[in-house]
Amino acid sequence: MTTVAALPAIRDGQPAIEVDRLGVKYNLRLTRRNTLRQTFRNLGNRSAGEQDFWALRDVTFRLVHGESLAIIGPNGAGKSTLLQVLAGIITPTEGSIEVRGQISSLLTLGAGFDQELTGRENVLLAGAFLGIEPEDMKRRLDGIIAFADIGQFIDAPIKTYSSGMRARLGFSIATSVDPDVLLLDEVLATGDQVFRAKSKARVLEIAAAAKAVVLVTHDMSWVTEFCNRALLIEKGHVIAEGDPAEVVALHQQHSDEERAAKAAALARAGVI
Amino acid sequence: MASIRTAVPIFNSSSARPGPIGLVVEAVRDIWSRRRLVWYLVRADLKKKGADSLLGNLWWVLDPLLQMLVYVVLVEVLFQRKQPDYPLFIFAAILPWKWFTSSVGDGITAVTAQDRLIKQVHFPKIVLPTAAAVAGIANFAFGLIPLFALLLLWYPTRLSGYLLLVPVIATVQLVFTLALTFAVSAINVFFRDVGNLSRHVLRLWFYLSPALYGQTTINQLATDHKELFRIMELNPFYTLFTAYRSVIYGAETANNGSVPPMPPDWAALAGLALGSVIFLLIATIFFKRIEPSFAKVL
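Residue numbers (the working numbering), protein chains in the order written: chain A, 1 to 272; chain B, 1 to 298.
If you're looking for bench data, these hints aren't it; they were derived computationally from the structure.
As the structure is a prediction and not an experimental result, all values here were calculated from the model.
Every residue, glycine too, gets a C-beta built ideally from N, C-alpha and C.
Any given hint might turn out to be false.
[Unchecked claim] One side only, chain B facing chain A, incomplete, derived with CB under 10 Å: (1) Leu-37; (2) Trp-39; (3) Ile-118; (4) Ser-258; (5) Arg-289; (6) Lys-296.
Given these sequences and hints, build the entire structure.
Okay, structure coming up:
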């Protein structure tokens, strides 16, 4: 295996992803109420508490083809929301975002599978959801099945699959559709050792083919080894951006501080 | 050398949204460009419905017949109401109603059931209720088999060329069903009460529509309760049931008699068609307008 493609190839001189002062606001009133009763209850205490929550604010970055960007940060920082915005799933509240090229975004692998349908049917269904021509998808079918390595299970309903098989099939679909921009959310930790190695190789291949990769991960060794840029997000804001090693070091320093602060708070509570 | 794409799709996302006409155009384009997805979803739905039971898809044929039997026992035996060829009389109403309730029932959960996928993949959500409405047609199509069996074996005198008008009436029903399915699937994202409420609303709707009774009962109602009759006339299923019954059965008369099949009330059907198209436009705009918030709320 060769090392990372060090030279980001700029196609047409335009970046693959351009994010400018992006902000995503959640209305907690809207997301919390699910029945009429709760709505009426909420009408009563309209003024109580903060109703808006900014999951992301003032996020600006660019990514050219051939780069792989790692998004790191503590839980609840807005990493997954950022991926959802990049995939077009969530429309930004403010700012703008432009993504050039075909996107593949099976973010949580295999979560969207239909349990009753067979693996083969789910591959075609996933392709249809991603907007890929059926003939195109049928052509890729054999490659997808081979890479996922699930043998004759491909014609059994997904409900009979183990979680590892499901994740493998999901990864195989997401990376086989020849995306220009690949979005991955915490997926490199799935599967056994063999498949993990295989999936790493596949992601590197895609990055080397001058395609943009954005991934969310907690696996810091993966970030420093294979990504050429990293973005640290905390509480919806970009804290640092740049060389993976430096950003990872900053992230580790921050989480150490946080842990120390929590331990101190606990100790204080225990003492008093 | 890397392959060169002639047209690289550019995806651009901002908070700006098109106007009402733009939204309708977008919805039509969404459904047309993902027609294969609609087809896959319909097929998956039909497969699931037939897969778990012993008789499988045979239930599509048996179900309306058994339901007809229940109502025949209820009305003819228990309530002692006599009417010529009553089984065919109610079958003409059960058939479209089963399609309608199955489409609306599936439509309510069409968006919410795919919550995980909606949070993972960007696709036009309008294909989900569309698939639910279209899948119901299979319900109707399979029901046509026992209908023709009934006509051929028991009521050959009711066979007529007017049966060819059934698809015309069904088209009007499809437009109305599609509109309602769009609306309920979107509302259910915000208020999950829709599912609980719908069962009772649908049941009441059925009894308020001339399914088990016909024009003579309605005429009686019209003299006793004028307001109720007005509301009834506005009911789309008043027009639809009457139209289906005209071409399949004919009509009952006051002295327990009946007349053979005849053309439907074209003016009423045209009015309903126009109203349904307007309803569909409004429902489409409504759906498209709140579609961007689905991923956040689910």
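Evaluation of the provided hints:
Interface restraint check: Leu-37 of chain B against chain A, minimum CB-CB distance 4 Å, threshold 10 Å, status holds. For Trp-39 of chain B, the shortest C-beta to C-beta distance to chain A is roughly 8 Å, which falls under 10 Å, so the interface hint holds. Because the smallest distance between the Cβ of Ile-118 of chain B and any Cβ of chain A comes to about 7 Å, under 10 Å, the interface hint for this residue holds. The beta carbon of Ser-258 of chain B comes no nearer than 45 Å to any beta carbon in chain A, farther than 10 Å, and the hint placing it at the interface is violated.
Using the Cβ-Cβ criterion of 10 Å, the hint placing Arg-289 of chain B at the interface with chain A is not satisfied: the shortest such distance is roughly 12 Å. A distance limit of 10 Å between C-beta atoms decides the matter here; for Lys-296 of chain B the minimum to chain A is near 6 Å, and the interface restraint holds.
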